[in-house]
Amino acid sequence: MPANSQKQWKDPDIVEDAIMLQSDMAQGYLSMLDKSTTPNLRNELIKLLTDEEEISYELGVEEQKRGWTAFMMADQAQMDMLKQKYTNQNIPSI
Numbered sequence: 000m001p002a003n004s005q006k007q008w009k010d011p012d013i014v015e016d017a018i019m020l021q022s023d024m025a026q027g028y029l030s031m032l033d034k035s036t037t038p039n040l041r042n043e044l045i046k047l048l049t050d051e052e053e054i055s056y057e058l059g060v061e062e063q064k065r066g067w068t069a070f071m072m073a074d075q076a077q078m079d080m081l082k083q084k085y086t087n088q089n090i091p092s093i
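For the sequence shown, numbering that gives the first Met the number 0 assigns the number 0 to the initial residue and increments by one for each residue that follows.
Calculated directly from the structure, the hints in this document are not laboratory data. We treat Cβ as the ideally placed atom computed from N, Cα and C, and that holds for glycine. Among the clues, some could well be false.
When the alpha-carbon atoms are kept at most 27 Å apart in a straight line, the in silico DSS-like pairs for lysine-lysine are as follows [as the list claims (entries may be wrong)]: (1) Lys64 to Lys6; (2) Lys46 to Lys34; (3) Lys64 to Lys9.
Quick list of simulated restraints, FRET-style, between CB atoms [claimed, not checked]: (4) Gln77 to Met31: 31 to 41 Å; (5) Gly66 to Lys34: 38 to 48 Å; (6) Ala17 to Glu43: 18 to 28 Å; (7) Leu20 to Ala69: 19 to 29 Å; (8) Gln83 to Val60: 26 to 36 Å; (9) Trp8 to Thr37: 37 to 47 Å; (10) Glu43 to Arg65: 32 to 42 Å; (11) Leu81 to Glu53: 19 to 29 Å; (12) Asp79 to Gln5: 47 to 57 Å; (13) Glu53 to Met31: 16 to 26 Å; (14) Asp79 to Asp10: 31 to 41 Å; (15) Lys84 to Asn42: 32 to 42 Å; (16) Asp74 to Glu43: 38 to 48 Å; (17) Asn42 to Ala17: 22 to 32 Å.
Go ahead and model the full structure; you've got the sequences and the hints to work with.
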């Protein structure tokens with residue numbers, strides 16, 4: 000296959016791919032955090048997780064600024080209903 004027939008990534012594709020990668024990285028750090036047993040390791044993983052989430056947020060803001068994605072504003076009534084639903088759930092104790 001000739002080199003020029005490869006798909007050319009456009010900026011929105013690159014940013015979306017980066018967001019998915021950030022999500023995967025955050026999931027990995029979160030999984031390790033759940034299993035960590037020392038305070039120093041936990042603190043380092045929390046820092047890494049926070050960094051990944053911040054990068055993901057910044058990429059999302061950039062997508063929105065460029066009009067590549069739109070965020071729907073949450074309806075206050077729906078938010079109140081969901082809050083009530085999940086606040087009043089009977090969660091069994093372990």
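Determine which of the earlier numbered hints do not hold for this structure and return their numbers in increasing order. none
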